[in-house]
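Engineer: Residue numbers (this note's numbering), protein chains in the order written: chain A, 48 to 417; chain B, 565 to 644.
There may be inaccurate statements among the hints.
What the hints assert, rightly or not - Here are the computed lysine to aspartate or glutamate pairs in the DMTMM-like style, where the Cα-Cα straight-line distance is at most 25 Å:
no., chain 1, residue 1, chain 2, residue 2
1, A, LYS209, B, ASP580
2, A, LYS306, B, ASP620
3, A, LYS306, B, GLU586
4, B, LYS629, A, ASP288
5, B, LYS572, A, GLU275
6, A, LYS209, B, GLU601
7, B, LYS572, A, ASP307
8, A, LYS306, B, GLU632
The set of hints was computed from the structure by calculation and includes no laboratory data.
Here is what each chain is made of, one letter per residue.
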Amino acid sequence: MQILDRFRDPVVGRALLVKVTEQAKEVAERLGRRSVFMEVCGTHTVAISKAGLRSLLSEYIDLRSGPGCPVCVTDYGDIDRMVAFARTPGVTLGTFGDMIRVPGSFASLEKEMAAGADVRIFYSPADAVEYARTHPDRHVVFLGVGFETTAPGIALSILQAKAQGVTNFSVLTSHKLVPPAMHAILADPELRLDGFILPGHATAIVGRNAFQFVADQYNLPAVVTGFETTDILDCLHNLLDQLFQGQVRVDNGYSRVVKDEGNVRAQALMEQLFEVADVSWRGFGVIPASGMVIRPEFADFNAEKRFTVNIPEPRIPKGCRCGDLLKGKINPHECRLFGTACTPVNPIGPCMVSSEGACAAYYQYDRRGQ
Amino acid sequence: MCVAVPGKVIEVNPADNTCIVEVFGVTRRINTIMVGEVELGEYLIAHTGFAIEKLDLEEAMIRLKLWEEILSYADPGQVS
Ligand code: SF4
């Protein structure tokens, strides 16, 4: 582990911070304003806040959170549908832990659990298949929430269920793709960004090439990076350098994990099981070709083909600005409910519930504001 | 949700495409279909029970070397 430990070496971290701060100051002087970089991965949101980088660099860099938390971008209607499945007789609703407390229009899975619904948290969708196999009297509906990082595992578990003849397992998909959301952000004339911190693990699946459009189409630099503080500082160093030199590239700073072409086996699994669809994102509305739904050949494993649920028109809580936040238009402090009416104990929107939500991360680590 | 951690392979089971990885002293069985053949001592990035990619130690070394170069220009007086 020695080599990997060096990525956590505080001496290297501090030296990189000194370097990045100097560079950021220079760039800010040249631009006459702070540079603005967006992270599009909830794990980065937490890592940046936890390391204190957001506040340490705030004089020269505006580190803005984007639509990187899969739970947060799940629309109210989709959460209401999940709740409706939890209420369906005979159904065991399987989910990753993050979804449990997220409020829909009327309820959350946690509330449904308290009211007697059979909601179970699984670490892996493969565990949910195993649970279904050993509980033939139940039908396990697993919530397929997540970006490209998570979707191949869901695909594989459907194939496993099929191979094992497990017929009481299906998936309610709400999978989303990162690049189309970035297109939506970049198309917004109000938003001025100087570059992107690209998600290390979603890119491990889709590959660096999938983000080349940021440079080619939008003339902005972007850098794929890992999750250590040193990785993030290295990424900022690269972005600032490109900005200073007037260069525009999509670089890979996480080459110990990410390849240009990504993981082709994982891509083939997604391709086999899912087809691309227009889906709705919280704050954005419908983004073309931004989601994945189960192919008709695997309809037996599509929860929506196995059950019919009725959901009322979604009701959006007043005052919650999660939508603006996910689009990078505001930071959590600009929501007047932040830290007052909305806290992790009494969350109003998903951005305060999810461990990767920007409001939760800022509340825990950056509460004082910038 | 895209949290994924590097784990060291401590047991390989090619028969069912799984292996056991150790992450900070905790062991876990993960599926290896997405990364192909794995060897003892390799590092894998694990996410929701699946290895999503291998970790390339040589590339890690290259990155560390690059930082050394970048930092050799930094003011050592401030590096502590
Ligand atoms: S602080 Fe709460 S109410 Fe405001 S945007 Fe965040 S989650 Fe929504």
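Engineer: Does each hint fit the structure? Answer for all of them.
Structural biologist: Do the hints match the structure? See the list:
no.	hint	result
1	A/LYS209 x B/ASP580	holds, 16 Å
2	A/LYS306 x B/ASP620	holds, 10 Å
3	A/LYS306 x B/GLU586	holds, 24 Å
4	B/LYS629 x A/ASP288	holds, 18 Å
5	B/LYS572 x A/GLU275	holds, 18 Å
6	A/LYS209 x B/GLU601	holds, 23 Å
7	B/LYS572 x A/ASP307	holds, 24 Å
8	A/LYS306 x B/GLU632	holds, 23 Å
When held up to the earlier numbered hints, the structure conflicts with none and fits them all.
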